[in-house]
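Engineer: Given chain W, work out where chain E should sit, using these hints.
Protein chains: 2
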Amino acid sequence: MKGISITLALLSFGFISSAQNEDSLMIRRIADEILINSRAYDNLRYLTKQIGARLAGSPGMVKAEQWGLKTMHESGADKTWMQECMVPHWIRGGRDEAGITSFQSTTDGVGITKSEKKLDVIALGNSVGTGPKGIVDNVVLVNSFDDLETKKDQVNGKIVFYNYKFNPAYVNTFHAYRDAAQYRSLGPSRAAKYGALAVIIRSLTHNMDNIPHTGATRYDSAYTMIPAVAIGLRDADFLSDKLANSKVSVFIRTNGKFLPDTIGHNIIGELKGTEFPDEFITVGGHLDCWDNCEGAHDDGAGCVQTMEILRAFKAIGYKPKRTIRFILFANEENGLKGGDKYADEAKTKREKHIFALESDAGGFTPRGFGFVVSEEQFKKIAPWRELIAPYGAGDFVKGGGGADIGPLNKTFGTPLAGLNTDTQRYFDIHHARNDVFESVNKRKLELGAINMAALIYLVDKYGL
Amino acid sequence: MKGISITLALLSFGFISSAQNEDSLMIRRIADEILINSRAYDNLRYLTKQIGARLAGSPGMVKAEQWGLKTMHESGADKTWMQECMVPHWIRGGRDEAGITSFQSTTDGVGITKSEKKLDVIALGNSVGTGPKGIVDNVVLVNSFDDLETKKDQVNGKIVFYNYKFNPAYVNTFHAYRDAAQYRSLGPSRAAKYGALAVIIRSLTHNMDNIPHTGATRYDSAYTMIPAVAIGLRDADFLSDKLANSKVSVFIRTNGKFLPDTIGHNIIGELKGTEFPDEFITVGGHLDCWDNCEGAHDDGAGCVQTMEILRAFKAIGYKPKRTIRFILFANEENGLKGGDKYADEAKTKREKHIFALESDAGGFTPRGFGFVVSEEQFKKIAPWRELIAPYGAGDFVKGGGGADIGPLNKTFGTPLAGLNTDTQRYFDIHHARNDVFESVNKRKLELGAINMAALIYLVDKYGL
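Chain order of the listed sequences is W and E.
1 is the number of the first residue of the first sequence in the working numbering; add one for each residue after it.
1 is the number of the first residue of the second sequence in the working numbering; add one for each residue after it.
Please keep in mind that the hints were generated in silico from the structure rather than gathered at the bench.
Be careful, since some hints might not be right.
The list cannot tell twin chains apart, which means a pair is met if one copy fits it or any two copies do.
The calculated DSS-like cross-link candidates involving lysine-lysine, where the alpha carbons are at most 27 Å apart (straight line), are [claimed, not checked]:
1) Lys379 / Lys349
2) Lys461 / Lys79
3) Lys444 / Lys398
4) Lys165 / Lys444
5) Lys151 / Lys165
6) Lys380 / Lys272
7) Lys314 / Lys398
8) Lys352 / Lys63
9) Lys247 / Lys152
10) Lys257 / Lys151
11) Lys79 / Lys272
Isolated chain W, as found in the complex (with noise of 0.2 Å):
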């Protein structure tokens, strides 16, 4: 293209009355303040490249939390401080993670033999170890829970591998995902009811790029826990054909164990409110990440643009009226023990808390915000779209918030919401090595946090 030819989306908008006005006007000097001077970027960079993997209990996590601390408190807080809580800990552990097939192939003229392939497995998080002497046995494939309940006369003594795939028809990646993700979460202990010795899942994503994705099971304390590993969809390609022709064998050793439970942190920044200032308005991302990657998506960008929006504010002189806290929360991938810390204690200290919003669906575009609120609610916040969208977030939908708010909302029916972002990248590098900070684009991850301070500032205004 070398021609001009997009017009202002504002074009589409209705009148604008003179309030909304002085808060376009407030929402463009936050933005031009986030375009312009954002750190947001280089804040990703340090967090991904100087730390890296920050599961909760990890060496990484310990220096994530310094290094979130000293940032939250360069970016301006009033205040900031570290809020103790007991986090699981889980390990992969030992030696190296293995996944070998062994298959009969035919060799022209020759007859029968066999040959074997290395596969790329990851453990699943919270799974538990084969031991190291690993296991190995044939391979039963089914292709959904339907299939397993035909074939569970079958899969006694054996690995059971789900192949149940990522729907391309979806167009909403995360439809895709909550289609599929079961077999990850209840699909090791659906096996081990049938007598399975473990679990190989296709991994939860349409990147053909062969890289496994791990991610929280969740095993049924009713059957016995088996190891469980996810493998690239290459891989799940070349397996589902092999046992379309002959017997199949996988050699697994997997070492993942839980270590006693360990202190985290919460890590807390502060504007006090100059009118309102015991009412609470809570804006984060969650801090810990899957060991195998950098967590640049999930959810460094939460965390960056948390602490973005904090800078900003402070940048350009907004004294917001009630109380933001901004948040890096300790354990959202196997836990969630910081959204539930930070929830317990505001209900001891009886807080009232009118607003809470996370961003963990990655530093991709912003597309709009899911709402958890009242027909009332949502009726005061719509009109605020004319004022979002020029930014990108204008799509205002019922249903989202955030794992880690979620515990706010339970505890005294706050209202959430969480950042909606164009997701067909998301499940690409989601839990996988490549989700690096190399997947991130500089200024996806600063229009994200651009959006979220409009909501924020909207909020602290106008309450709700």
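Structural biologist: Relative to chain W, chain E alone:
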């Protein structure tokens, strides 16, 4: 993120009539067909990796035309043909392009020494060469055309360096482009007016990767045509830093020239209308791209999307009421001769062109359409937003269209639309050597085709 927090965007829409319901189902069928069976991504891989660069008049373009004709046929056109047109034939020419900057650097306690640094340069499209010996002279930095006016007495016999920056404050990067592109198109002649020997421009991008971006320049015949190159952002910052402290000279060698006009072709596929075969709907992208890249986003994406719409219509058995033309235009980047030819021939044949759509904003996530239509037509189109928004392109704005279909509007007043996409990354790769296949996401590319197909379907069904 581990949870699920996105609800159907459809929730925000109102009542859907039964005709709309039928349309909604048809668009869903189109979407499923494309998301599940698309050939667009594989076609783009072939075009970019097996053919690559394809400026009008180049051997690459000849290959691309042959591929386009074959692929158009395979995609299911009732009829395919090549429409001949004369195209400009600019070549980058002979030896490697070169840029070397020499500057004074002070070594502590030793005095002044002279240093050199190689610049990563690319000649602007359509620009004249320096001759084999190159040009070497001192550099005058100007930050804008206003700045040039104040320095007009200093530039005679010098090299002018336009360091005008892509403005980060524009949310839509096309606005930054509109703001800065005049330095590429008009800069050389403006400088030549005051006797400059050559021009260097800061590339039109936010991307800090230092890759230089080409694109067409436009000489004013009143002044000498002088050589012009672009440099990447790091080199531009380096040069401006050096110029702040010392005299800087630059050696430039470029070899660009025009050969005599040659023959090119629009590649056309047609689905004959069943009810109104004499009413034409046109959809297309441009097949040509700059010689320094694979033209994956600009505009390989538009070409494969165009053919994907055709393939999907045939695959689901859709028989259009009106005749639909699928076109790969011959020459958008430096001449527009393909678009002109198409409109000219349509005029000669007295064809009735009721609508034309172009995709030339890259294979990024679709966001909306920019329409060049009457107020009445815009009112007719507006309700279609509800049908299209679930697939991404729900932002309907006035103004847009596309360069290649522009002549149809000029000739017949044909209503136009252009696919608008997420603009954040477009100028990271625009006219630069990183506009390659790997920068395109399969699903985003497909979603573009889906939204275009939906719009074509609605125009075909309801007219305009």
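Engineer: Failing hints, ascending?
Structural biologist: Hint check: 1, 7, 8, 10 fail, others pass.
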